[in-house]
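From first to last, the protein sequence lines are chains A and B. Take 4 as the starting number for the first sequence in the working numbering and just add one per residue. Take 4 as the starting number for the second sequence in the working numbering and just add one per residue.
Derived from the structure by calculation, the hints contain no laboratory data. You can trust all of the hints, since none of them are fake.
Simulated crosslink set (DMTMM-like; lysine to aspartate or glutamate; CA at most 25 Å straight-line):
id: 1; chain 1: B; residue 1: Lys90; chain 2: A; residue 2: Asp201
id: 2; chain 1: B; residue 1: Lys252; chain 2: A; residue 2: Asp245
id: 3; chain 1: B; residue 1: Lys64; chain 2: A; residue 2: Asp201
id: 4; chain 1: A; residue 1: Lys223; chain 2: B; residue 2: Glu256
id: 5; chain 1: A; residue 1: Lys9; chain 2: A; residue 2: Asp97
id: 6; chain 1: B; residue 1: Lys64; chain 2: A; residue 2: Glu202
id: 7; chain 1: B; residue 1: Lys252; chain 2: A; residue 2: Asp222
id: 8; chain 1: B; residue 1: Lys210; chain 2: A; residue 2: Glu66
id: 9; chain 1: A; residue 1: Lys254; chain 2: A; residue 2: Asp222
id: 10; chain 1: B; residue 1: Lys167; chain 2: A; residue 2: Glu198
id: 11; chain 1: B; residue 1: Lys155; chain 2: A; residue 2: Glu256
id: 12; chain 1: A; residue 1: Lys9; chain 2: A; residue 2: Asp70
id: 13; chain 1: B; residue 1: Lys45; chain 2: A; residue 2: Glu202
id: 14; chain 1: B; residue 1: Lys90; chain 2: A; residue 2: Glu198
id: 15; chain 1: A; residue 1: Lys158; chain 2: A; residue 2: Glu181
id: 16; chain 1: B; residue 1: Lys254; chain 2: A; residue 2: Asp164
id: 17; chain 1: A; residue 1: Lys64; chain 2: B; residue 2: Glu198
id: 18; chain 1: A; residue 1: Lys254; chain 2: B; residue 2: Asp97
id: 19; chain 1: B; residue 1: Lys90; chain 2: B; residue 2: Glu66
id: 20; chain 1: B; residue 1: Lys95; chain 2: A; residue 2: Glu197
id: 21; chain 1: A; residue 1: Lys64; chain 2: A; residue 2: Asp97
id: 22; chain 1: A; residue 1: Lys158; chain 2: A; residue 2: Asp145
id: 23; chain 1: A; residue 1: Lys252; chain 2: B; residue 2: Glu151
id: 24; chain 1: A; residue 1: Lys155; chain 2: B; residue 2: Glu256
id: 25; chain 1: A; residue 1: Lys45; chain 2: B; residue 2: Glu198
id: 26; chain 1: B; residue 1: Lys254; chain 2: A; residue 2: Asp226
id: 27; chain 1: A; residue 1: Lys64; chain 2: B; residue 2: Glu202
id: 28; chain 1: B; residue 1: Lys252; chain 2: A; residue 2: Glu151
id: 29; chain 1: B; residue 1: Lys252; chain 2: A; residue 2: Asp164
id: 30; chain 1: A; residue 1: Lys45; chain 2: B; residue 2: Asp205
id: 31; chain 1: B; residue 1: Lys90; chain 2: A; residue 2: Glu217
id: 32; chain 1: B; residue 1: Lys155; chain 2: B; residue 2: Asp145
id: 33; chain 1: A; residue 1: Lys90; chain 2: B; residue 2: Glu202
id: 34; chain 1: B; residue 1: Lys90; chain 2: A; residue 2: Asp205
id: 35; chain 1: B; residue 1: Lys158; chain 2: A; residue 2: Glu256
Residues from chain B that face chain A, not an exhaustive set, calculated with beta carbons under 8 Å:
id: 36; residue: Ser48
id: 37; residue: Gly51
id: 38; residue: Val113
id: 39; residue: Met123
id: 40; residue: Arg190
Note that this is a predicted model, so its numbers are computed, not measured. All C-beta atoms in this analysis are idealised placements derived from N, C-alpha and C, irrespective of residue type, glycine included.
2 protein chains.
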Amino acid sequence: MKSKEKPIILVTNDDGITAPGIRNLVEAVRDLGHIVVVAPDKPQSGMGHAITIGHPLRMNKMEVFADIEAWQVSGTPVDCVKLAVDKVLHRKPDLCVSGINHGANHSINVIYSGTMSAAMEAAIEGIPSIGFSLMDYSMEADFAPAREVVSKLVKQVLAMDAEKHFLLNVNIPSVSSELIAGIKVCRQAYAKYEEDFDERRDPHGRKYYWLTGEFVNSDKGKDTDVWALQNNYVSVVPVSIDFTDHAMKTKLEQAWAG
Amino acid sequence: MKSKEKPIILVTNDDGITAPGIRNLVEAVRDLGHIVVVAPDKPQSGMGHAITIGHPLRMNKMEVFADIEAWQVSGTPVDCVKLAVDKVLHRKPDLCVSGINHGANHSINVIYSGTMSAAMEAAIEGIPSIGFSLMDYSMEADFAPAREVVSKLVKQVLAMDAEKHFLLNVNIPSVSSELIAGIKVCRQAYAKYEEDFDERRDPHGRKYYWLTGEFVNSDKGKDTDVWALQNNYVSVVPVSIDFTDHAMKTKLEQAWAG
Numbered sequence: 004m005k006s007k008e009k010p011i012i013l014v015t016n017d018d019g020i021t022a023p024g025i026r027n028l029v030e031a032v033r034d035l036g037h038i039v040v041v042a043p044d045k046p047q048s049g050m051g052h053a054i055t056i057g058h059p060l061r062m063n064k065m066e067v068f069a070d071i072e073a074w075q076v077s078g079t080p081v082d083c084v085k086l087a088v089d090k091v092l093h094r095k096p097d098l099c100v101s102g103i104n105h106g107a108n109h110s111i112n113v114i115y116s117g118t119m120s121a122a123m124e125a126a127i128e129g130i131p132s133i134g135f136s137l138m139d140y141s142m143e144a145d146f147a148p149a150r151e152v153v154s155k156l157v158k159q160v161l162a163m164d165a166e167k168h169f170l171l172n173v174n175i176p177s178v179s180s181e182l183i184a185g186i187k188v189c190r191q192a193y194a195k196y197e198e199d200f201d202e203r204r205d206p207h208g209r210k211y212y213w214l215t216g217e218f219v220n221s222d223k224g225k226d227t228d229v230w231a232l233q234n235n236y237v238s239v240v241p242v243s244i245d246f247t248d249h250a251m252k253t254k255l256e257q258a259w260a261g
Numbered sequence: 004m005k006s007k008e009k010p011i012i013l014v015t016n017d018d019g020i021t022a023p024g025i026r027n028l029v030e031a032v033r034d035l036g037h038i039v040v041v042a043p044d045k046p047q048s049g050m051g052h053a054i055t056i057g058h059p060l061r062m063n064k065m066e067v068f069a070d071i072e073a074w075q076v077s078g079t080p081v082d083c084v085k086l087a088v089d090k091v092l093h094r095k096p097d098l099c100v101s102g103i104n105h106g107a108n109h110s111i112n113v114i115y116s117g118t119m120s121a122a123m124e125a126a127i128e129g130i131p132s133i134g135f136s137l138m139d140y141s142m143e144a145d146f147a148p149a150r151e152v153v154s155k156l157v158k159q160v161l162a163m164d165a166e167k168h169f170l171l172n173v174n175i176p177s178v179s180s181e182l183i184a185g186i187k188v189c190r191q192a193y194a195k196y197e198e199d200f201d202e203r204r205d206p207h208g209r210k211y212y213w214l215t216g217e218f219v220n221s222d223k224g225k226d227t228d229v230w231a232l233q234n235n236y237v238s239v240v241p242v243s244i245d246f247t248d249h250a251m252k253t254k255l256e257q258a259w260a261g
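Please model the complete structure; the sequences and the hints are all you need to start from.
Below you can see the structure in the form of structure tokens.
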């Protein structure tokens with residue numbers, strides 16, 4: 004994006020169009036381009052890369068951000084990006100930003116996160132894209148330091164000649180601006196959740212299960228997003244839409260030949 | 004898996020526990036280990052890596068496969084794998100197989116596919132895992148050639164000392180066994196859908212949208228899964244759970260330094 008025209012920036016999220024996080028994202032990028040918001044009409048956390056194929060979608064124009072065109076969609080974050088490109092913008096935006104998510108999306112969360120799935124969908128479609136998450140689940144979180152980070156990174160990416168499938172997973176520590184140690188380019192930590200379903204019985208005696216789980220990071224590398232966040236850095240993980248394990252491909256080709 | 008004990012094989016899918024595909028998968032692996040089925044109680048296509056966090060899950064034992072322990076779950080394919088490990092098996096199985104999906108999951112479909120998300124969830128948890136898909140959407144598809152492919156590949160993987168996060172995306176052409184050209188280890192093709200929402204009006208005059216789209220493959224490589232399938236090979240793509248774009252990481256570190 005090096006042209007002199009105002010870039011078109013698509014804004015979406017997974018916490019829904021009324022979440023404080025998307026309001027802060029809009030404020031952070033408002034002066035950096037022509038902003039259009041297309042976001043879910045209700046929270047969609049944990050939706051991963053789900054798309055709506057079995058029933059139709061609704062999309063309605065909303066007056067939720069001053070002087071900003073905004074639409075709410077009855078589907079998933081991925082549906083929002085698809086509808087934005089095909090039915091709202093009628094073209095690819097110059098950049099897609101997703102978030103600011105209420106809660107971290109570091110390490111393996113990239114795969115469960117609706118925030119990152121929206122950004123990944125944009126990258127698949129050839130739109131440079133960034134997902135932003137703040138390490139604070141509270142609806143009363145202070146987004147002011149995050150707004151500064153968003154503004155700085157969006158300017159940097161707009162100034163680049165970003166590649167077609169450019170995609171960043173950005174996580175921001177929940178500390179004041181002075182305490183942020185810097186921005187660190189990282190790899191995704193090998194971490195996961197140890198599941199533990201809470202087993203209960205309903206008033207009729209039938210069992211049901213609530214998903215709970217403990218986050219476990221066995222990756223001790225100092226180049227990971229988890230390490231960066233623990234040390235008050237903003238973590239930036241470039242994400243690939245090619246999921247091929249190329250090293251394993253070579254191994255299998257050798258092992259299975261002949 | 005090189006021990007002499009019978010391996011425990013977890014079977015799941017995204018088309019639901021009553022789909023012909025999972026019935027054929029169970030038949031293909033029935034003699035290769037101790038089989039336990041945990042699958043969704045209804046079709047979950049396009050659910051990607053969605054998890055159920057906002058409401059509880061139900062799980063019920065079903066008599067659907069002769070002499071095979073089987074459970075149906077009210078959630079997504081990923082929920083099924085999590086519940087299977089935590090509440091049914093109380094341990095990690097030796098292998099997880101997912102499918103056989105009704106329809107292809109090559110190229111970028113790996114990210115939308117519930118079949119592959121179930122397999123990926125198992126790989127994240129350290130369980131070697133394979134997702135199988137047949138290039139035929141019909142409920143009357145002939146799965147006999149696919150059963151042979153499944154049996155062959157599962158034996159091969161059980162005989163390996165598979166790595167912790169070992170994950171394969173296997174797609175099978177819909178042709179008779181004699182016409183299958185072989186098994187080919189591939190990379191994921193760079194292909195995508197060109198979305199085109201079908202815009203309609205309900206009886207009250209309000210707009211709604213159905214997702215449609217055309218598959219477009221701009222990747223002309225002969226080492227891709229799309230090429231393999233077009234040439235009647237079974238495509239085997241090893242999939243990584245590390246989504247980091249390592250080449251871009253190096254580039255950004257250099258570009259953003261100082």
